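Number of protein chains: 2
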Amino acid sequence: MPRISESTVRRLSHYYRALVEVEAEGTDVISSQRLAEREGTTPAQVRKDLSHFGSFGRRGLGYDVAHLCREIRAILGLDRRWRVVVVGAGNIGSALLAYRGFAAQGFEVVAVFDNDPRRIGEAVGGLQVRDVAELGAAGASDSFDIGVIAAPHHAAQAVADLLVSAGVSAILNFAPRKLIVPARVALRNVDLTMAFENLSFALTPTRGQRRRRAQD
Amino acid sequence: MPRISESTVRRLSHYYRALVEVEAEGTDVISSQRLAEREGTTPAQVRKDLSHFGSFGRRGLGYDVAHLCREIRAILGLDRRWRVVVVGAGNIGSALLAYRGFAAQGFEVVAVFDNDPRRIGEAVGGLQVRDVAELGAAGASDSFDIGVIAAPHHAAQAVADLLVSAGVSAILNFAPRKLIVPARVALRNVDLTMAFENLSFALTPTRGQRRRRAQD
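Here the protein sequences line up with chains A and B, keeping their order. Letter 50 of the first sequence, counting from 1, is numbered 50 in my numbering, and no numbers are missing. Letter 152 of the second sequence, counting from 1, is numbered 152 in my numbering, and no numbers are missing.
The set of hints was computed from the structure by calculation and includes no laboratory data. Please read these numbers as outputs of a predicted model, since none were measured by experiment. Be a bit skeptical, because a hint or two may be false.
One copy or two, either will do: identical chains are not told apart, so a pair holds if it fits within one copy or between any two.
Said to hold, decoys possible - For lysine to aspartate or glutamate, the following EDC-like pairs were computed, each having C-alpha atoms within a straight-line distance of at most 16 Å:
| # | residue 1 | residue 2 |
| --- | --- | --- |
| 1 | K48 | E6 |
| 2 | K178 | D191 |
| 3 | K178 | D161 |
| 4 | K48 | D131 |
| 5 | K48 | D142 |
| 6 | K178 | E39 |
| 7 | K178 | D28 |
| 8 | K178 | E21 |
| 9 | K48 | D79 |
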């Protein structure tokens, strides 16, 4: 199978959400056209994205909603539970711990670590904050799947190294800094500034528009 | 100009970060090949993305780093300051207020509102939390550009309506719920679950891989 791009996976997540909604509305079959419209893409893109994983629709008939929903859930790995460890019990970490939606999707935060003595021992989102010095040892017994870095950017690489030695297979990094991890560990970065940039782009007139306005 | 997709804008943000780094390293010229490699895309994609906005490179010579950096900054609207108002002083809101990177990029949080009497009047990230009931009136005098919804999902639509009446041109929504806003208001949603799904996809063997493993 060719490498699947992050944007393809992002669109699969969107399709999945749309299908869950459509299924809840009681719809049995959906066309690539309608699925594309809901997600602001083209029917050709929908068919191409899905074709990476198999053949799901029937020409002229569309997709069986329940079946496609189940298939995408399996493709995205949402048909099992993932054990998540959060490092950093500050605002981002606490926000993740407070968000119940993750557990419903199969992402269960099972431990939270920090290095601040004032935070260690405190209860956050139903978990007791543990000393980050114990993270490596905890990994041996707790078998974490996904590590979340919610630590300040200057500590992020050290935390990444700790998570790798604790045996995680994947890291989600909220610190605005590039990290180096072994190739066997999947790494994704969440850059909140990028969401703002998408908006400022939308608010910024293009040069052509500025020129036209200046001529009005 | 044709409509520019969100993923094109996201790639522009990536190119911009790469160019800032490359410029700091003292590099004057970069090829589309090298820019593509840094961001995990193809040279053809880089050229196509940039071609929406003008002609920046010279065939065989590559891009002038400082010039392209300045151009993308202007395209993304990062060459000015945006006045940001945050609604919700909980974990997500506090994380945004604590993150200094936004101000450096031109996104200045100038006000924060909440409806919880225990939070109103408190200081968060150098700002005093104000009563959300005053948001509409504040908009008339403070001229907010971007509103951030960091409120619980059940309050999100009501907050969106308030932000629209307070005169924002754009909304960044962290609540996991679809919102309805007038067409003149740009809306972007940040769905933290999607980042997790991208990781669980990376950790999930494809059907072909499972079959091959079972045969081993």
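Intra- versus inter-copy proximity for D131 and K48 (alpha-carbon distance at most 16 Å):
neither (47 Å within a copy, 49 Å between copies)
Please sort K178 with D161 into within, between, both or neither, judging by C-alpha distance up to 16 Å.
Within. Shortest intra-copy distance 13 Å satisfies the 16 Å Cα cut-off; inter-copy 37 Å does not.
Pop the pair K48 and D79 into one bin, within, between, both or neither, using alpha-carbon distances up to 16 Å.
Classified as neither; 23 Å inside a copy, 37 Å across copies.
Could you figure out if K178 and D28 sit no more than 16 Å apart (CA to CA) within one copy, between two copies, both or neither?
Cα proximity of K178 and D28: none, with 44 Å in one copy and 22 Å across.
Within, between, both or neither: K178, E21 at alpha-carbon 16 Å:
between (36 Å within a copy, 11 Å between copies)
Please sort K48 with E6 into within, between, both or neither, judging by C-alpha distance up to 16 Å.
For K48 and E6, the Cα distance is within 16 Å only inside one copy (14 Å; across copies 19 Å).
Under a CA distance limit of 16 Å, which applies to K178 and D191: within one copy, between copies, both, or neither?
Within. Shortest intra-copy distance 11 Å satisfies the 16 Å Cα cut-off; inter-copy 21 Å does not.
Please work out whether the CA atoms of K178 and E39 approach to 16 Å or closer within one copy, between two copies, in both situations, or in neither?
between (30 Å within a copy, 12 Å between copies)
Up to 16 Å CA-CA - D142 versus K48, copy category:
Neither, since 39 Å and 47 Å both go past 16 Å.
In summary, the structure is inconsistent with hints 4, 5, 7 and 9 from the numbered list given earlier, while agreeing with the others.
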